[in-house]
Amino acid sequence: IVFLLKPDTPVSWAFLLLCLFLGNYMVTAYDVQSAYVTSFTNYLMLCFMPAPALHLGLLFPDRRAMVDRFPALIYLIYLPALVLAVFLGIYYFNYPEFYNSNTASWLPSYEELAPFARLYAVFCAFSLIGFVLYSYFKASTPASKQRAKMVLFGVTFAFLPAVVFMSLVNLRIIFFPYN
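Heads up, the sequence shown is in this note's numbering, so the first residue is 1025 and it goes up one at a time.
What the hints contain is simulated information worked out from the structure, not anything from laboratory work.
One or more hints might be untrue.
Stated by the list, open to error - The calculated EDC-like cross-link candidates involving lysine to aspartate or glutamate, where the alpha carbons are at most 20 angstroms apart (straight line), are:
no. : residue 1 : residue 2
1   : K1173     : D1092
2   : K1162     : D1055
3   : K1030     : E1135
4   : K1030     : D1086
5   : K1169     : D1055
As the list claims (entries may be wrong) - Label-pair ranges, simulated between beta-carbon atoms:
no. : residue 1 : residue 2 : range
6   : C1043     : Y1134     : 38 to 46 angstroms
7   : D1055     : P1139     : 31 to 39 angstroms
8   : P1139     : L1040     : 22 to 30 angstroms
9   : M1090     : G1047     : 24 to 32 angstroms
Beta carbons are placed, not taken as given, at the ideal position from N, Cα and C, and that holds for glycine.
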């Protein structure tokens, strides 16, 4: 809806990419535990999902001055995602050969790459929240401060219950079988 209302703004494109990658990651996550038909798409989304969050944080609710000074920064934040995706792609399409020969032994496996992809996701999520908090406290206009407040409210309302619940499960405080 955001993209349809304002298709010509970079913020709308960043939000569209964030929703596209996040939605595909969530939809294909079930298949990783069942038929493995869309598991490669899930791996790609795991790599690319965090970058638009950081992209969005650099542009919304206030455009950062560093983006004006270094316009290429917007594209450089996708570079770690691309590198992770290339390595996961090499791993995914050469999986049997990894354990049968030493020719590709220098390539990292999924077990070595996935933590980096998840750390990149955590870094980008906290960066987005940090940028929004910075915009709230250093807002140039009352409208910017109000936008930042609404974004913080929306993120808290949407994600905090799930994060708390999943943290309690992962810390073994409560038991819930995900599959």
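Cross-check of the supplied hints:
no.	hint	result
1	K1173 to D1092	violated (24 angstroms)
2	K1162 to D1055	violated (43 angstroms)
3	K1030 to E1135	violated (40 angstroms)
4	K1030 to D1086	holds (16 angstroms)
5	K1169 to D1055	violated (41 angstroms)
6	C1043 to Y1134: 38 to 46 angstroms	violated (26 angstroms)
7	D1055 to P1139: 31 to 39 angstroms	violated (21 angstroms)
8	P1139 to L1040: 22 to 30 angstroms	holds (28 angstroms)
9	M1090 to G1047: 24 to 32 angstroms	holds (29 angstroms)
Hints 1, 2, 3, 5, 6 and 7 from the list above are not met by this structure, while the remaining hints are.
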